[in-house]
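4 protein chains.
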Amino acid sequence: MLKELSPKAAELQKNLTEFMEEYIYPNESKVEQYLDEAEDRWTIPPLIEELKGKAKSQGLWNLFLPDTEHGAGLSNYEYAHLCEIMGRSLLAPEIFNCNAPDTGNMEVFVKYGTDEQKKRWLEPLLEGKIRSCFSMTEPDVASSDATNIQSSIVREGDEYVINAKKWWSSGAMDPRCEIAIVMGKTDPDAPKHQQQSMILVPFNTPGVEVKRYLPVFGYDHAPHGHAEVHYNNVRVPASNILLGEGRGFEIAQGRLGPGRIHHCMRAIGAAERALDLLCKRASEREAFGSTLAEKDVIREVIAESRIEIEQARLLTLHAAHKIDTEGAKAARKEIAMIKIAAPRVSLNVIDRAIQVFGGAGVSDDFPLAAHWANARTLRLVDGPDQVHLRDVGRLELREQLK
Amino acid sequence: MLKELSPKAAELQKNLTEFMEEYIYPNESKVEQYLDEAEDRWTIPPLIEELKGKAKSQGLWNLFLPDTEHGAGLSNYEYAHLCEIMGRSLLAPEIFNCNAPDTGNMEVFVKYGTDEQKKRWLEPLLEGKIRSCFSMTEPDVASSDATNIQSSIVREGDEYVINAKKWWSSGAMDPRCEIAIVMGKTDPDAPKHQQQSMILVPFNTPGVEVKRYLPVFGYDHAPHGHAEVHYNNVRVPASNILLGEGRGFEIAQGRLGPGRIHHCMRAIGAAERALDLLCKRASEREAFGSTLAEKDVIREVIAESRIEIEQARLLTLHAAHKIDTEGAKAARKEIAMIKIAAPRVSLNVIDRAIQVFGGAGVSDDFPLAAHWANARTLRLVDGPDQVHLRDVGRLELREQLK
Amino acid sequence: MLKELSPKAAELQKNLTEFMEEYIYPNESKVEQYLDEAEDRWTIPPLIEELKGKAKSQGLWNLFLPDTEHGAGLSNYEYAHLCEIMGRSLLAPEIFNCNAPDTGNMEVFVKYGTDEQKKRWLEPLLEGKIRSCFSMTEPDVASSDATNIQSSIVREGDEYVINAKKWWSSGAMDPRCEIAIVMGKTDPDAPKHQQQSMILVPFNTPGVEVKRYLPVFGYDHAPHGHAEVHYNNVRVPASNILLGEGRGFEIAQGRLGPGRIHHCMRAIGAAERALDLLCKRASEREAFGSTLAEKDVIREVIAESRIEIEQARLLTLHAAHKIDTEGAKAARKEIAMIKIAAPRVSLNVIDRAIQVFGGAGVSDDFPLAAHWANARTLRLVDGPDQVHLRDVGRLELREQLK
Amino acid sequence: MLKELSPKAAELQKNLTEFMEEYIYPNESKVEQYLDEAEDRWTIPPLIEELKGKAKSQGLWNLFLPDTEHGAGLSNYEYAHLCEIMGRSLLAPEIFNCNAPDTGNMEVFVKYGTDEQKKRWLEPLLEGKIRSCFSMTEPDVASSDATNIQSSIVREGDEYVINAKKWWSSGAMDPRCEIAIVMGKTDPDAPKHQQQSMILVPFNTPGVEVKRYLPVFGYDHAPHGHAEVHYNNVRVPASNILLGEGRGFEIAQGRLGPGRIHHCMRAIGAAERALDLLCKRASEREAFGSTLAEKDVIREVIAESRIEIEQARLLTLHAAHKIDTEGAKAARKEIAMIKIAAPRVSLNVIDRAIQVFGGAGVSDDFPLAAHWANARTLRLVDGPDQVHLRDVGRLELREQLK
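Residue numbers (this note's numbering), protein chains in the order written: chain A, 1 to 402; chain B, 1 to 402; chain C, 1 to 402; chain D, 1 to 402.
Possibly wrong hints are sitting among the right ones.
[Claimed, not checked] Straight-line alpha carbon distances no greater than 16 Å define the calculated EDC-like cross-link-like pairs of lysine to aspartate or glutamate that follow:
{"no.": "1", "chain 1": "C", "residue 1": "K402", "chain 2": "D", "residue 2": "D276"}
{"no.": "2", "chain 1": "A", "residue 1": "K211", "chain 2": "D", "residue 2": "D364"}
{"no.": "3", "chain 1": "A", "residue 1": "K129", "chain 2": "A", "residue 2": "E49"}
{"no.": "4", "chain 1": "D", "residue 1": "K211", "chain 2": "A", "residue 2": "D364"}
{"no.": "5", "chain 1": "B", "residue 1": "K211", "chain 2": "C", "residue 2": "E399"}
{"no.": "6", "chain 1": "C", "residue 1": "K280", "chain 2": "D", "residue 2": "E399"}
{"no.": "7", "chain 1": "C", "residue 1": "K329", "chain 2": "C", "residue 2": "E399"}
{"no.": "8", "chain 1": "D", "residue 1": "K8", "chain 2": "D", "residue 2": "D67"}
{"no.": "9", "chain 1": "D", "residue 1": "K402", "chain 2": "C", "residue 2": "E284"}
{"no.": "10", "chain 1": "B", "residue 1": "K30", "chain 2": "B", "residue 2": "E50"}
{"no.": "11", "chain 1": "B", "residue 1": "K3", "chain 2": "A", "residue 2": "E50"}
{"no.": "12", "chain 1": "A", "residue 1": "K211", "chain 2": "D", "residue 2": "D276"}
{"no.": "13", "chain 1": "C", "residue 1": "K402", "chain 2": "D", "residue 2": "E284"}
{"no.": "14", "chain 1": "B", "residue 1": "K211", "chain 2": "C", "residue 2": "D364"}
{"no.": "15", "chain 1": "C", "residue 1": "K280", "chain 2": "B", "residue 2": "D140"}
Source of the hints: derived by calculation from the structure; they are not laboratory data.
Isolated chain A, as found in the complex (with noise of 0.2 Å):
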């Protein structure tokens, strides 16, 4: 019933689950432990590089990149099955350069940057040489209402001076990270959708102050990390301005569609690795005369989690080749219906798997706490799921009352 991948993209899926295997999967605690004995956390270990170049290498690079002349050219539809496969482990984004928020950065560049912003930022960026953060959500308010940022970026002369508290800027706390993304008001007067604009601040601009790192369910996800990032007076030329003033939102609506495709479909590869886990797991230990796997009560919850990952890959792919066919805007109800179901999905199966496999499943000795943490901040990320289900049922009706 699915559309088939083209031979290149079904050839990146065999060659992308080989290098998991390979090198991915080995690797993860060896990163882990690397970062563990560094005197600070927040330094590259060099695996990483090295990891890097050897995707680099084999052309497993920028996949997320559908323009053909920087990355590989692909469809959201085809993209997403690899995407899939790279959320199965969380180190592996970053190696296949296709790690948020740099991917929607370099995006926006791609789509919005003048050619000098595209030399000086989007090709270090695709060479995996520096990292990006986007600081859109704010401490003092409900960023999930976007008309609440209230940071400010005001003109005086040839520069902008802005003036903004932004936390979950991901990717700050990288000792690589050179250029911000920032959102704030340019016209507090304006009609409400055209307040904001988008700003680009070279990450060593006088003003520039990381205060702290954020931790996730006490994870620190060093060593890029989200970090509170507050910007005092800082001054930048005014051709940093994306786009032009008042076009914050439909910046961030561009970047949204893609980047859900991609959130969701990592989500349903944890779900994958999790499962796989677990049915490992449950054939090895046994408990009350029988090994887990041949009690019926596991038995329902691996079926459970195959119903529904199976479900949640459909719509996503689905989504995916919607925004390819008719475009992001047409696709809303669909992106807007992966971001609730997919996190979901993941969470319910992580934490199934973290249940079978006892106290090993909430220590890192399995990556399972680890992903199910970085699944539940889906549920918040570009909006809690109440906003988008407030969304689906509004365009539910729509259709369905016309």
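Since the structure of chain A is provided, determine the placement of chains B, C and D on it from the hints.
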């Protein structure tokens, strides 16, 4: 992403939708009213025969049969799309001669019937002139484990003598029911899965006793109904055995795959109808200062419904396509998965609609309560959820651990 | 931990349990059979009157009335224990003259009736000689918001003229129904909560028109039933107004508290009956090599049921006790909470039992399907869940933020 | 309805609540900050000892011990009320010397310790001078089935030689940990439930090796932590055996009942804290035109939380009272029931609060994520849910079928 429908199937889809609007929905309550006013509810409203005539003349007839000689020659994937539409109304399947258990029985005749049997039973079934029933489940044993079935079919000379106490023989209350397919043991000493056989029993054979009808949550499902049927020393020619002694399980398996696609797609159709009704009602009713449709709590139930329906439909179409391309055996896990997922979704969505309709929802002013009761039986028909979950778990483990 | 029952209540509990075993359970199917065979299902089986006589003679009569003059003088906490027992059978409440809406109506008469009204209506109700109905809900508006109610009650000289289109007037189909309490607007210009009044309408007054009965999931709930009743220019003496014009909401509030305890405890009783039946069935049926009771998946559903029932019962008893000690107003949050919790649990447990019973569960061979349908209406009666959840949320916020 | 608290318990309840407000909540982040800045997180912040001193001087000390000689002499029902309060903060239990596993270990010493053992270990534990751990679970087997435990305890002359590989020995990372209770097999050939024994192992005995700490969803739970501990040919005097050889299960059973009440009431306290935080946050944050607290979708999550909490608390108090009045054995089903119900509710409520807090909810700015991680382990500690559900099902069936 989805495989496109053939022009023929797409045309049927369009025509079927129009037929539903024009002839089915407006007549639902008329059929019910006829039965309410009839002396005996086990009688056929002339309106039903009239609508069947219209459907037949428009080529909306026997669409379920993959066989091009007798039926529409559609794939499971194609018919699934049509079956969903029919499932929107409990009245519809019979009008298109696509009602269970006749569909499954006709398939059995096509596959295993002799020429004479086809002439005698298949032809009038295909013409919609007679109806049939399928007698497998027994009141005295847990029939979810089909090896429990106790009925006996004993060879005596040129005849078989059948003694069986069956129930949930759907269609057996129908005055037009002329033929039963009965499952029972021909050899209690054979290996477990070769003890059972299926045999044809003309319904007017001496000893066939329709004991009583069985209501479903208060509904009698007249005029076809579900019956307890006793077969008391019923004698039929030896040639009435289907496929041969001991092959009952083989036949049962064969009819399951497509039959489950049908059940599931109809359940999804019922869910769509419920969501449609829900949205309309929500936009018409006001409470506490706004229409229900303007309330976020109602939008959430609409959204959850849409999210669930889309996923269940994709999964079911996927299973249908797998049967088409790899066969029912290869699709075994997928078939078991939809058997769990689709009725659940249908029950959820219909229940939410009932909740929005209030008292009207549990009454017969709208088809919601009746559809709910129908969908509830799907969690039991062909084995309860627990049996299918166990199967999915087992098959998943087998794949994961190979 | 629980407050002990008084010896009187404990004695009633014991006697009631014995009465159920001896007279109620064995007669459930007999009553149903009588109705099935009757020419008209809206007729009173003599067995019902006979059982009522037995119950009355054993002092198991009017137990719901806290008033010691007319009733048993039990607290809500005490009666709750008895009400649970009655809830185990749909036949039981009437036998003990504890059936809704007569119970609520009798309470209204006790509190607000004139001596003459008490003599004319309360006395025969207390004796179980007549029945009554309560006409509040209307088909044309979302009655969950009671301010929507449109019926008019207009004073003309010494009379009120009533024009009302009501439905879900339970008991109105009963041939013994002689009196209705009707809610409607006496002053459409008054403040919102003072527009409505309640008035007594003898059922034989000209203009009272019982249009039709309303089924609940296919059940007619004969012989009492639920009706659509139209009041067409019905004239009654001005003295029939209850408590005074504009006090309809006040009376409605007053009857709600205890009434919800009754509904919820009966729902819990129904759940207990279902769990009881489930356990017995599971121990008698075999599938796939063992009895169902020996399977862990079945033990899990039994365990979940027990866990849910215990919690819902404790919460309901707690609410009842709070009404007793602090009054219905103080217990408002608790009353709303049980209205959510108890029907849910009841539906869950009965549904699980149906699943274990298979086909037998949805039929009328066991009381499961009928109990389920009844419990389903409880999520709508006196306002849908959504209304109560909103109330609980609001009250909780008020307490948390004070 | 609830049994009233004794004046003594009520007084403690009041004082404890005040102590929490004054000393616990304001110091949570200070303790965390101390550890963050410490060179080694496995160190005791002086603030902790200071707060312990305050608690002790106010008589808020060893409240868990039913024994009046050593502890507060409260019933399980009474202490449950206090334990809930302590559960509101992860910092609290230790401050009141009521932290697991010390509580369970102290109870074991009170019941089974010799005078000398009491003097040596119980007294300093009661004074809060040392800490202890409990080594039962093993990484290499499914320890949910305790008969799987493989460690060996072999008698050699006047000594026992212990070889054991244990993990999840909570408290073992604490620099003050001086004594372990270790479970292992003294007789592999005895009947299954008499093979295991418990023995005291001073933590400074040669061969005791603390291998590593085990994180819980990224949290290290410093300074006490959970450790993998290997016991390599550890020799202790024969008198260190508790109660006698083969009586390990008996002791394990004894400590379970009250321990589960504690776990569950703390989980409920954590839920109350979360709901409290949720309500405050919802009233402070605005999105899409109103505060979150004004939105019905938020009121629903508040309502669901309150409904769940009330029920779980009543059930847990009921179980506590049953232990008090009928003993832990008679309360076995109730104890298993709360082990299922309370952690679930706690996880639900905390998760909803996290969702309302958005990014702040998963970070350490609020105690939500840490409480969630802690509550998640409760579904595993002392056996996973599946084991308890099976027990409840089995016990229920036994009662229903007798």
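How the hints compare with the structure:
1. The hinted pair formed by K402 (chain C) and D276 (chain D) meets the criterion: a straight-line CA distance of about 12 Å does not exceed 16 Å.
2. Of the pairs offered as hints, the one joining K211 (chain A) and D364 (chain D) holds, with about 15 Å between alpha carbons and a cut-off of 16 Å not exceeded.
3. For a cut-off of 16 Å, the pair hint linking K129 (chain A) to E49 (chain A) stands: about 9 Å separates their Cα positions.
4. The suggested pairing of K211 (chain D) with D364 (chain A) holds, with an alpha-carbon distance near 15 Å, which does not exceed 16 Å.
5. Of the supplied pair hints, the one linking K211 (chain B) and E399 (chain C) is violated, its CA atoms being roughly 61 Å apart against a limit of 16 Å.
6. Of the pairs offered as hints, the one joining K280 (chain C) and E399 (chain D) holds, with about 11 Å between alpha carbons and a cut-off of 16 Å not exceeded.
7. For the given pair, K329 (chain C) sits about 15 Å from E399 (chain C) by alpha-carbon distance, which is consistent with the 16 Å threshold.
8. As the CA atoms of K8 (chain D) and D67 (chain D) are separated by approximately 15 Å, the hinted pair is consistent with the 16 Å bound.
9. Under the criterion of a C-alpha separation no larger than 16 Å, the hint pairing K402 (chain D) with E284 (chain C) is consistent with the structure, at around 14 Å.
10. Taking the CA atoms of K30 (chain B) and E50 (chain B), the gap is about 13 Å. The hint holds against a cut of 16 Å.
11. With a CA separation close to 42 Å, the supplied pair K3 (chain B) and E50 (chain A) exceeds the 16 Å bound.
12. The hinted pair formed by K211 (chain A) and D276 (chain D) fails the criterion: a straight-line CA distance of about 29 Å is larger than 16 Å.
13. Under the criterion of a C-alpha separation no larger than 16 Å, the hint pairing K402 (chain C) with E284 (chain D) is consistent with the structure, at around 14 Å.
14. Among the hinted pairs, K211 (chain B) with D364 (chain C) is consistent with the structure: their alpha-carbon atoms are about 15 Å apart, no more than 16 Å.
15. Under the criterion of a C-alpha separation no larger than 16 Å, the hint pairing K280 (chain C) with D140 (chain B) is consistent with the structure, at around 15 Å.
Hints 5, 11 and 12 from the earlier list are contradicted by this structure; the remaining hints agree with it.
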